[in-house]
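Okay, here's what each chain looks like letter by letter:
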Amino acid sequence: MNPLGKALLGLHAWGGLLFGWLLVPVFLAGSLAVFEPEIDHWLQPERSAPAFSRAAAVALAEAHLRRTAPEAAVWRIRLPTPREPTLGVAWGSDPRQLHEATLDAASGRPLRERATHGGHFFTEFHAELLAGSVGKWIVGAAGIVMLAALVSGVFVHHRLLRDFFVFRPWANRRRAWLDAHNLAGVATLPFLLMISWTGVVILAETFMPAATVMLYDGKPRANRAEVVKSFVRKPAGERAAMLPLDVHLAAAEAILGAGTVSNLLVRHPDDRNGLVQALRHVDDRLSAVADHVTLDAATGEIFGRQTEWNPMAYAYRAQVGLHVVHYGGPALRWLYFASGLLGAAMMAAGIVLFNRKRRQRVGATRGQRWLDAAGVAAVAGGALACLAFLYAGRLLPAALDARPGWALAAFLGAWGVSGLHALRRAADDAWRRQLLLAAVLALLLPLLDLATARQPLDALRLGVDLTAAALGLLLAGVARRCFAAGDELPATVALSAEGAR
Amino acid sequence: MHDSRAPRAPRDLCWRLLAASVGGYALCWMLFVACCVWLPFGKATVWYLTAQFAPLPFVGVLLWSFAARSPARALAVPAALSLAAGLVALAGGLR
Chain A
0 MNPLGKALLG
10 LHAWGGLLFG
20 WLLVPVFLAG
30 SLAVFEPEID
40 HWLQPERSAP
50 AFSRAAAVAL
60 AEAHLRRTAP
70 EAAVWRIRLP
80 TPREPTLGVA
90 WGSDPRQLHE
100 ATLDAASGRP
110 LRERATHGGH
120 FFTEFHAELL
130 AGSVGKWIVG
140 AAGIVMLAAL
150 VSGVFVHHRL
160 LRDFFVFRPW
170 ANRRRAWLDA
180 HNLAGVATLP
190 FLLMISWTGV
200 VILAETFMPA
210 ATVMLYDGKP
220 RANRAEVVKS
230 FVRKPAGERA
240 AMLPLDVHLA
250 AAEAILGAGT
260 VSNLLVRHPD
270 DRNGLVQALR
280 HVDDRLSAVA
290 DHVTLDAATG
300 EIFGRQTEWN
310 PMAYAYRAQV
320 GLHVVHYGGP
330 ALRWLYFASG
340 LLGAAMMAAG
350 IVLFNRKRRQ
360 RVGATRGQRW
370 LDAAGVAAVA
380 GGALACLAFL
390 YAGRLLPAAL
400 DARPGWALAA
410 FLGAWGVSGL
420 HALRRAADDA
430 WRRQLLLAAV
440 LALLLPLLDL
450 ATARQPLDAL
460 RLGVDLTAAA
470 LGLLLAGVAR
480 RCFAAGDELP
490 ATVALSAEGA
500 R
Chain B
0 MHDSRAPRAP
10 RDLCWRLLAA
20 SVGGYALCWM
30 LFVACCVWLP
40 FGKATVWYLT
50 AQFAPLPFVG
60 VLLWSFAARS
70 PARALAVPAA
80 LSLAAGLVAL
90 AGGLR
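Chains as they are written, first to last, in numbering that gives the first Met the number 0: chain A, 0 to 500; chain B, 0 to 94.
FYI, nobody ran anything at the bench for these hints, they're computed from the structure.
A quick note: this is a predicted structure, and the numbers were derived from the prediction, not measured.
Cβ atoms here follow ideal geometry from the backbone N, Cα and C, with glycine treated the same way.
Certain hints may be false.
With the Cβ distance kept under 10 Å, some of the chain B side facing chain A (calculated, not the full set) [unchecked claim]:
#	residue
1	C35
2	A50
3	L61
4	L62
DEER-style ranges, computed between Cβ atoms [stated by the list, open to error]:
#	chain 1	residue 1	chain 2	residue 2	range
5	B	A90	A	A221	19 to 29 Å
6	A	A337	B	R10	42 to 52 Å
7	B	R10	A	R365	19 to 29 Å
8	A	R66	B	F40	47 to 57 Å
9	B	P9	A	M193	30 to 40 Å
10	B	A90	A	K233	39 to 49 Å
11	B	L17	A	R365	25 to 35 Å
12	A	A221	B	A78	23 to 33 Å
13	A	V153	B	V21	21 to 31 Å
14	B	D11	A	R158	25 to 35 Å
15	B	L86	A	A314	23 to 33 Å
16	A	I301	B	R94	38 to 48 Å
Here chain A stands alone, though its shape is the one from the complex (with noise of 0.2 Å):
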């Protein structure tokens, strides 16, 4: 090893390992989100997924706010996508607190889901550990020992080069824990090195207010509020008929291409000072940013728009855009939920290496079988609680009081379970039985969907279903391969063969 790596094992290897805890359950959670309004639909079988014309959507959705919250100030419609086949409607005063309903995107007929975080629990648990400004600091000093681990590792194991092209899973366990650790954290490399910094970008926000201090005298947003513009004015309080919202909908597009309205604001319906805004997607930029034009809602005639940005703000949304991925597409997502996986596979095994090399040394103290079961609960006790919460969310009774709350008790519940599961058992067996439980949950999620659905069967909900039964099959692989039962092979052998190294 050369100086700077053996300078640097200490933090690759303990920094690793105590943040890994976190991070891994973190990569899991960030990889799941990707694919947050699919889960969002699995959650909420509720939901429907038929043909829909966007204009006629928009039509429904407007005579339902009309029947619903005639003397509303504001409206918010979101239009349905092929990922998000339903019609949301929003009514209230405050644009940042309004009363939801969700309908079917081709009848406009209420869906009654059920309550519950959706889809969203991933990204939020991911992003802040549901744990609001706290959770933010702790994912970001994660993020930060991650980013140093990586540059770290590349020092430490040195021969990175080589053992890429080197795989021995047959040779002894701690060599095929090493080579898995470093051809997963090589083939990973970039795109743990981008998800980790622009992860510490975003969350700099929070934990870093200098710059917000200095030029806006700490008022968070304040940045926000001067690169985006704001169209509003008071309502005149005189009547006009507002023009029919696919009407506006339609012009819209016309300056911000055609399918490209995510979102309409209406502001003050009806009242002759009424706007109407249309906010763009952002699905097919690599910036963050959301065009949006505002039209008079009387008249139709522009009131103001933005399609311009703040040249650093744009790069800025762009590293934004690089972390969130609404851009690029399946191809695109499906390639950061396998390599957000792999990055977790290559931490879970970093740190079944560190235990491995330091139970041999020390051998099986008090101290080192805490270390162990900390290892299984991250990795294992992780993928549970994800996995309790998909059930919490089909399981639960729909109309059940407190209901989100009884879901996350779920998620919090399986990992106490898993945590003094492992304390209980030898490492590897605790390894063993938790991804196997892991995996028999997972196969069995597509049988729970159809057993539970109230819906007919939709791609959305496939997917689901098949993603989450092909990585049950390869967790039962990675358990019953990697922590098969009695074949451990003597410590003496693994060290002689570590020593040739």
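Place chain B on chain A using the hints.
Okay, now just chain B, sitting in the frame of chain A:
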């Protein structure tokens, strides 16, 4: 470079952790302040520029804190760089 196989004293480790965390935070803060004071661009441009390199000082100082030969050096470098960035910012403020 020191040999990491030699056990590090807990106190040695604490100093390095302090250098990595407080040193990284101080350096990033001071660099941001210096940029805000000196860069001849609009407020939003400066804000969105600084945000994009936020991870760099943290990761650099973290790696340095563990690569440095002694805890004293681990602490001294981020402290000196933060001070320098602070002085640069102050000079800009006094312009």
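Tested hints:
1. C35: Since chain A brings a Cβ to about 4 Å from B:C35, closer than 10 Å, the hint holds.
2. A50: holds (6 Å)
3. L61: holds (5 Å)
4. L62: Because about 5 Å separates B:L62 from the closest Cβ in chain A, which is inside the 10 Å limit, the hint holds.
5. B:A90 x A:A221: 19 to 29 Å: Holds, since B:A90 and A:A221 (Cβ atoms, about 26 Å apart) stay within the stated range.
6. A:A337 x B:R10: 42 to 52 Å: holds (44 Å)
7. B:R10 x A:R365: 19 to 29 Å: Holds, at about 24 Å.
8. A:R66 x B:F40: 47 to 57 Å: Holds: the Cβ-Cβ distance is about 50 Å, inside 47 to 57 Å.
9. B:P9 x A:M193: 30 to 40 Å: holds (36 Å)
10. B:A90 x A:K233: 39 to 49 Å: Given range 39 to 49 Å: holds, Cβ gap about 47 Å.
11. B:L17 x A:R365: 25 to 35 Å: holds (28 Å)
12. A:A221 x B:A78: 23 to 33 Å: With Cβ atoms ~31 Å apart, the hint holds.
13. A:V153 x B:V21: 21 to 31 Å: At roughly 26 Å between Cβ atoms, B:V21 and A:V153 fall inside 21 to 31 Å, so the hint holds.
14. B:D11 x A:R158: 25 to 35 Å: Distance hint for B:D11, A:R158 holds at roughly 29 Å.
15. B:L86 x A:A314: 23 to 33 Å: holds (29 Å)
16. A:I301 x B:R94: 38 to 48 Å: holds (43 Å)
Checked against the numbered hints above, the structure breaks none of them.
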